[in-house]
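S.K.: Residues per chain are reported as follows:
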Amino acid sequence: MATQASPVLDVRADFPILSREIDGKRIVYLDSAASAQKPEAVLDAMDRFYRTSYSNVHRGVYTLAQEATELFEGARARIAAFVGGEAQTTIFTRNGTEALNLVARAWGKDNVGRGDAVLVTEMEHHSNLVPWQMLCHDVGAQLRYLEVDDDGRISLDQLDDELARGDVKVVAFVHVSNVLGTINPVAEIAARARAAGALSVVDGCQGVPQLPVDIPLLGADFYAWTGHKALGPTGVGVLHGRAEILTEMGPWLGGGHMISRVDRDSSEWTELPWKFEAGTDVIAEAIGLGAAVDYLDALGMERLRAHERELTARALDGLRAIDGVTVVGPPGVEDRGGVISFAIDGMHPHDVADLLNRDNVCVRAGHHCAQVLMRKLGVAATSRASFGPYNVAEDVDALLDSVARAREVFRV
Amino acid sequence: MDDLYRDYILEHYKRPRNFGELEPHDLEAHDHNPLCGDEMGVHVRVEDGKITDLRFHGQGCAISQASASIASEEYIGMPLGEVADLDGEWLIDLLGIPISATRRKCALLNLKVLRGAITGDASWPPATD
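Those sequence lines, one after another, are chains A and B.
With numbering that gives the first Met the number 0 applied, the first sequence corresponds to residues 0 to 411, in that order.
With numbering that gives the first Met the number 0 applied, the second sequence corresponds to residues 0 to 128, in that order.
Worth flagging that the hints you see were computed from the coordinates, not collected in a lab.
Bear in mind the structure is a predicted one, so any value in this text is a computation, not a measurement.
The reader is advised that the hints may include incorrect statements.
Calculated pairs, BS3-like style, for lysine-lysine (alpha carbon to alpha carbon, straight line, at most 30 Å) [as the list claims (entries may be wrong)]: (1) A:Lys375 / B:Lys49; (2) B:Lys49 / B:Lys13; (3) B:Lys104 / A:Lys24; (4) B:Lys49 / B:Lys104; (5) A:Lys375 / B:Lys13; (6) B:Lys13 / B:Lys104.
Kindly generate the complete structure, drawing on both the sequences and the hints.
M.R.: Printed below as a string of structure tokens:
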């Protein structure tokens, strides 16, 4: 299949930005792991909301406020259902990072202390690493790492060994690595964590846009993701948590909207999910994300996964066939998402990205917010190509041609 | 020939001058470009207020490495005060290639590190430079 030219899916026409040309050439957008482009449906939903139904949500009695509240809470319900969740346990945040900070702060401060450990992996994005570092520093807990092997995978045996030490309170790990592309066995890890009495916290920022996700099936206690990588707007993240844990947890940020009663010296908190949504909500952003998940749902996540697997396989084959190119991460596509980091002998990723840009091939060069992993891989940076629903086989071929041309410029 | 990656830029990148460590040295500094993860350090020998020898080390893109190599040949022999007064335009002119806004930090990294070694001030260049 990898050599077949016809794509499973061609939805480029749904994405207005992809009709733009730069210097007379089309844009080959291969940076969806950093942020995805937006379909017309998302832009329309947000524009329509601002133009026809905009007001603040909740408590307003007038028609606009009722419409805005219905649109906002309706989006929450559809976003929750998209990943098998419930509206009540689906919390809107500013982004994925804030969702993970919410768990580390609100749950961590009451449940992790001196002598306890937090277990993360070496492949974590800084968003699911730094909040735990901060928590561990604050409470005197230990931060330990599951190692990444040469194929970009973590070991369940090491997980068992770590959990057997009896001090692990949290296992925080990424669903799909934004550097290696590795798809971690979330259900196995979450089940082992639970059996050992540890909380499982999953960074699903790359998972939700690429894979069918059913959070109850995965069994994670917390699952966090961000809207803008899932074809939605920037400014909205999502945290799903188990009802019994969220009910027990105190709030993180205080302010309007998260209270049921405020007295001079103390307050009472409102119910889920609003207990964790202080201040005016991310209204238009949530509505935009609602349209994004509708769009993804209509395409079908199984189909999307098959499409990205095909593109990934084509790119892996093509890149490995070029002399001097090394790809990191799992060798096959079975446990790999649509993310490919690679190095070219004798060329720095920054130069690679600069040269690819001349062909309007948009890739990312750098540490990808995973400096711990970069050091483990023994590199300062990599070049990364990542796919979205709108990519086609022709984009992969443009990448391969451009990489070959870049090598010619550097005579490597 | 490529406008940015000219022959002499690639030559300096592949075979950088004055690259490595220098022991003993009188001054040293280390800095990095958090955007792309490039790292650069410098060891400097000073006599009578002048740079008599120096070595850059670290890893980075062709622009940052070639810039350090090309500039190193100018720095040797310069009075410290003169180096501390050099600005970004001097270095960009010296390189002789079109440096876009996104590559400016790469090109200026060596001067940033060297100025830091001399003045102890790592804040140069200002965000608007």
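S.K.: A separate judgement is required for each hint: does it hold in the structure or not?
M.R.: Going down the list of hints, with the structure as the test:
In summary, the hint linking A:Lys375 to B:Lys49 is not supported, as the alpha carbons are separated by about 40 Å, beyond the 30 Å threshold. Proposed proximity of B:Lys49 and B:Lys13 is supported: the alpha carbons are some 28 Å apart, at most 30 Å. With a C-alpha separation of about 28 Å, the suggested pairing of B:Lys104 with A:Lys24 holds against the 30 Å cut-off. Between B:Lys49 and B:Lys104 the CA atoms are separated by roughly 26 Å; this keeps the pair inside 30 Å, and the hint holds.
The hinted pair formed by A:Lys375 and B:Lys13 meets the criterion: a straight-line CA distance of about 25 Å does not exceed 30 Å. Only pairs whose Cα atoms come within 30 Å are accepted, and B:Lys13 paired with B:Lys104 is accepted, the gap being roughly 20 Å.
Of the hints listed earlier, the one the structure fails to meet is number 1.
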